[in-house]
Amino acid sequence: MKTNLCTISFTVNGQLCERTIPASLLLVDLIRDELKLKGTKPGCLEGECGSCSVLVDGIAVNSCLYLALNVDGKSVTTIEGLSGGEKSLDAVQQSMMDHGAVQCGYCTSGMVMAIKSFQDQCHKENHKPDREEIKKGLEGNICRCTGYVKIIDAVESLF
Amino acid sequence: MNTKKNMNIIGKRIPKLDAGDRVTGKSIYGTDIELPGMLHGAILRSKFPSAIIESIDVSKARALPGVECVITADDVDITNLSYRKDHPVLKKDEVNCIRDEIAAVAAVSKDVAEKALELIEVNYIEREGIFDPIAALKDDAPRINKFSKKGNGNKNISESFHYEHGDLEAEKKKSACIVSRQYVLPKVAHACMAPSNVTADYSPVDGQLTLHSSTQVPFLYQREMSQVLKMDPSKIRVVQPIIGGGFGSKLDLHPFEPICALLSIKTGKPVQILYSREEEFLYSAIRQSMVIDLTTGADENGKFTFREVKIMKDNGAYTSWGARTSFVMMQTFSSLYQTPACVYDADAVYTNNVFAGSFRGFGNPQATFALERNIDLMAHELGMDRAEIRLLNANFPGEVTGQGLEYHSCGHKQALETVVKNSGYPENKHGERYKRGFGFASMLHVGGGAKIYPSDGCGTTLKMDPYGFLTIITGSSEIGQGSETVLAMMAAEELGIGLDRIKIINTDTSVKPWDVGVHASRTSFVAGNSLLGALEILKEKLSTRAAQLLNTNPDDLVFQAGEIRSGKTGGAFKIDKIVRELHFKPPHELCEVSYFYEPSSEFQDKDYKGNVSGCYAFAAQAVEVEVDTLTGKVNVLNVHVGQDVGKVLNPLGLEGQIEGGVIMGMGYALSEEMIFEDGYLRNPTFHDYKVPTARDIPEISFYPVETNEETGPFGAKGVAEAPLVPTPAAIANAVSNILDVEINSLPVTPEKVLKTICDKERGQG
Chain A
1 MKTNLCTISF TVNGQLCERT IPASLLLVDL IRDELKLKGT KPGCLEGECG
51 SCSVLVDGIA VNSCLYLALN VDGKSVTTIE GLSGGEKSLD AVQQSMMDHG
101 AVQCGYCTSG MVMAIKSFQD QCHKENHKPD REEIKKGLEG NICRCTGYVK
151 IIDAVESLF
Chain B
1001 MNTKKNMNII GKRIPKLDAG DRVTGKSIYG TDIELPGMLH GAILRSKFPS
1051 AIIESIDVSK ARALPGVECV ITADDVDITN LSYRKDHPVL KKDEVNCIRD
1101 EIAAVAAVSK DVAEKALELI EVNYIEREGI FDPIAALKDD APRINKFSKK
1151 GNGNKNISES FHYEHGDLEA EKKKSACIVS RQYVLPKVAH ACMAPSNVTA
1201 DYSPVDGQLT LHSSTQVPFL YQREMSQVLK MDPSKIRVVQ PIIGGGFGSK
1251 LDLHPFEPIC ALLSIKTGKP VQILYSREEE FLYSAIRQSM VIDLTTGADE
1301 NGKFTFREVK IMKDNGAYTS WGARTSFVMM QTFSSLYQTP ACVYDADAVY
1351 TNNVFAGSFR GFGNPQATFA LERNIDLMAH ELGMDRAEIR LLNANFPGEV
1401 TGQGLEYHSC GHKQALETVV KNSGYPENKH GERYKRGFGF ASMLHVGGGA
1451 KIYPSDGCGT TLKMDPYGFL TIITGSSEIG QGSETVLAMM AAEELGIGLD
1501 RIKIINTDTS VKPWDVGVHA SRTSFVAGNS LLGALEILKE KLSTRAAQLL
1551 NTNPDDLVFQ AGEIRSGKTG GAFKIDKIVR ELHFKPPHEL CEVSYFYEPS
1601 SEFQDKDYKG NVSGCYAFAA QAVEVEVDTL TGKVNVLNVH VGQDVGKVLN
1651 PLGLEGQIEG GVIMGMGYAL SEEMIFEDGY LRNPTFHDYK VPTARDIPEI
1701 SFYPVETNEE TGPFGAKGVA EAPLVPTPAA IANAVSNILD VEINSLPVTP
1751 EKVLKTICDK ERGQG
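Protein sequences appear in the order of chains A and B.
Take the first sequence: its position 8, counted from the start at 1, is 8 in the working numbering, and no numbers get skipped.
Take the second sequence: its position 760, counted from the start at 1, is 1760 in the working numbering, and no numbers get skipped.
Quick caveat, the hints were computed from the structure, so don't treat them as lab data.
In this text, a Cβ means the ideal position worked out from N, Cα and C, and glycines have one as well.
Don't take each hint at face value.
As the list claims (entries may be wrong) - Partner residues aside, some chain B positions facing chain A, computed with beta carbon under 10 Å:
#1 1020
#2 1025
#3 1028
#4 1029
#5 1032
#6 1245
#7 1277
#8 1278
#9 1280
#10 1651
#11 1652
#12 1658
#13 1660
#14 1685
#15 1697
#16 1723
When you get a sec, could you build the whole thing from the sequences and use the hints?
Given below as structure tokens:
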């Protein structure tokens, strides 16, 4: 069987990147298997758990439901891109730590990216979300350890 | 018990030490491991829940380019696994559940491995399976597991437990009220966020097998693996990567793990097996389903008299640790609330369903559900208040139960009083459509480990380097519960050094001292006591040298702010200076010490009597629930948790365990159920198997009860399983009370609630 290949150009965590990939390649596989950014976690690969959330042009997407070729010309941010190097921890990361919002941590990368996207959206709209809105903002991300309380606390303190 | 009064770190809200690695994506889970030259393993499972295998042809799979190895049962010389040794790793001749492993492939990529599986030809003769334990017990039922030991005299019983204490007949006579009910509990999934994984790396040169495994019990895993593979245990090194959720699912050795090892041994290359989410639902451990027949009595004043229990568990096709849940359930029936008499029988029955496993609470949520439902029914029959009957019968400090459990400390009554008071009970707010009310339940669980293995201990080695940094090498494992942080806090408290000067090494069986594993809410207690024992030796060593240098008595010295200071003279040395004094001058000794702690608990006798744990945890929950009588939807509004934790060590971590447990219990109560039809799982996805999300959660109020357990580290006892144990019972009690119906099975789905409402209306009509 011949695979349709296509060449895409995008930025990942600020770095310009060009790759020739099969058209059917999922973004999560591009990130983990090609770019070796293992911080993005495969949880269900069917868009239900949110563990593999990354930002595409600043908006959180489930990278398991997103074709890699669709990031052509776009900017991808993974958990590794939120901090590190000269960047100190992002406020979302710091808040998750301080509030005890991490247990086994497998959902954490995706949770942080989803919160980052939610926070940016709220800031854009100059909106301070209440607890119910925060819960709604988190409903696409499953956590089996924490019972969500501390994650909601962590988000609430960002505003 | 450590009696230190003013604590600097214990009791403070300390974020998990590993949280930084988690929030930055730096943690390496089993799913992230890539070794050079690594192959990918895949397993061919049975098409049918019950069938005879006529033939297996792997020749086409072997011929596929990229395939390096294909194995079936005929290609390997191994033994069965499970503690009953009734579980062949690779099945031949017959299959008995949909998980059954028939062949396995190692290939250069996942895609090639999957493709190879499609090329394996298996000829089956499908048989009629047995999916109901009652049918399995019939005389004419076939023997399902040919390795079974015929528990209780029946070919299809894997394991039976019988327990009794007190004079049942005399207590029955005393009873003014006797309630008998049947309770039905479903199979549920752990649904750990990280799918199961293992990477096996065998070296043909020296015969060493390294397993990167997410096991919760590395030393038991090493031992069982060695038995299965017929290898010397010391040739097996278990290295635990970061573990993405356990909850008991990683207690059993599962067939995919020795299969991965075999693929690595055969190829001489590293091999990895990763589950997809669907595989995780289908093939990893689950909570055992069961039917509980419970009869309980109380006298005219509401004092409990007796309990008579018969339990039938669906063992599935093979025995897992799930069959031993009867052991923990027995404790709840014999010893939660004062219980003069108890007769208890439990059978785990083979069927062609999937086998179970261990799951947080280890049978206790099921037992507590039945018991607490019966208590509500007895209160109703006696015309007593539901809170009052529980308080009247609550366990008390100093109590030795009929089973021989010794409650040195016991906050049961305080926990009950606290949640009843804070919940707002008994106010009911009934609207036309939405009705609100309360439900209660308590729980008893081991709080100081559980002696179910010849040793329930944990070893610790401490190493203080010449710069004053401490390495704690502990046998215990971190699986997300935060035990590493609590251990570091204990060491920081004792040595007066900062948490930033402490690191924990605990992931390698070749390095760390023995520990029985993460289970039974034991780690803070057992590993904590082990650490404190080691710290005492280390401090003595440092104090002796410091006292010589400071011209004082070792008893006069205190460890604080990185120094060892004389209380009398005020003279002090930095702790690292003392380490260097010991090392680089006579006596030329390193600051390295070891200690092994074995809890005072005892093996129970053949009648299951004895003090099985170092101490016991108690809890009570009051839930406030709203039922939509139009749709049947149950909305949990508030959960009040009173729990005897002995002593709060890290409030942040403790709250996390409580909240996570309650929500897991709420999922079990309301929405989670693995739906099996004739042995096939119908809902192996997060879409169809509904775990709670952020929008589902109630307000959770937690009131720790501190009873300062004398045998616990700083007075603490085990915490982590308890919070999910009473939640389903309390929710079902609330719904039953609000609607004046009986909810005697889980989950309490809208369909079930509506049906009970309709049945009641019809009955009244």
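Holds or violated: the hint that residue 1651 (chain B) contacts chain A, with Cβ atoms closer than 10 Å. Since the shortest Cβ distance to chain A is 9 Å, the answer is holds.
Using 10 Å as the Cβ threshold, decide whether residue 1685 (chain B) counts as touching chain A. This hint holds: residue 1685 (chain B) lies near chain A, its Cβ roughly 6 Å from the closest one there, short of 10 Å.
Would the hint on residue 1652 (chain B) be counted as holding, given a Cβ-Cβ threshold of 10 Å to chain A? Holds. Min distance 4 Å.
Does the CB of residue 1697 (chain B) sit less than 10 Å away from some CB of chain A? Result: holds, 5 Å to nearest chain A Cβ.
At a threshold of 10 Å, is the proposed contact between residue 1028 (chain B) and chain A supported by beta-carbon distances? Holds, about 7 Å.
Verify the interface restraint on residue 1278 (chain B): the C-beta must sit less than 10 Å from at least one C-beta of chain A. holds, 8 Å
How about residue 1025 (chain B): closest beta carbon in chain A under 10 Å, or not? holds, 2 Å
Mind checking the CB of residue 1245 (chain B) against every CB in chain A and telling me if the closest is under 10 Å? holds, 5 Å
May I ask you to test the interface hint for residue 1020 (chain B) with respect to chain A, counting a Cβ-Cβ separation under 10 Å as satisfied? It holds, given that the least Cβ distance between residue 1020 (chain B) and chain A is near 6 Å, below 10 Å.
Report holds or violated for the interface hint on residue 1277 (chain B), using the least CB-CB distance to chain A and a cut-off of 10 Å. At 4 Å from the nearest chain A Cβ, residue 1277 (chain B) passes the 10 Å test, so the hint holds.
Can you verify the interface hint for residue 1660 (chain B): is its Cβ closer than 10 Å to any Cβ in chain A? Where the cut-off is 10 Å and the nearest Cβ of chain A is about 4 Å from residue 1660 (chain B), the hint holds.
Would the stated hint for residue 1280 (chain B) survive a check requiring a Cβ distance to chain A of less than 10 Å? holds, 9 Å
Violation of the numbered hints given earlier is absent; every hint is satisfied by the structure.
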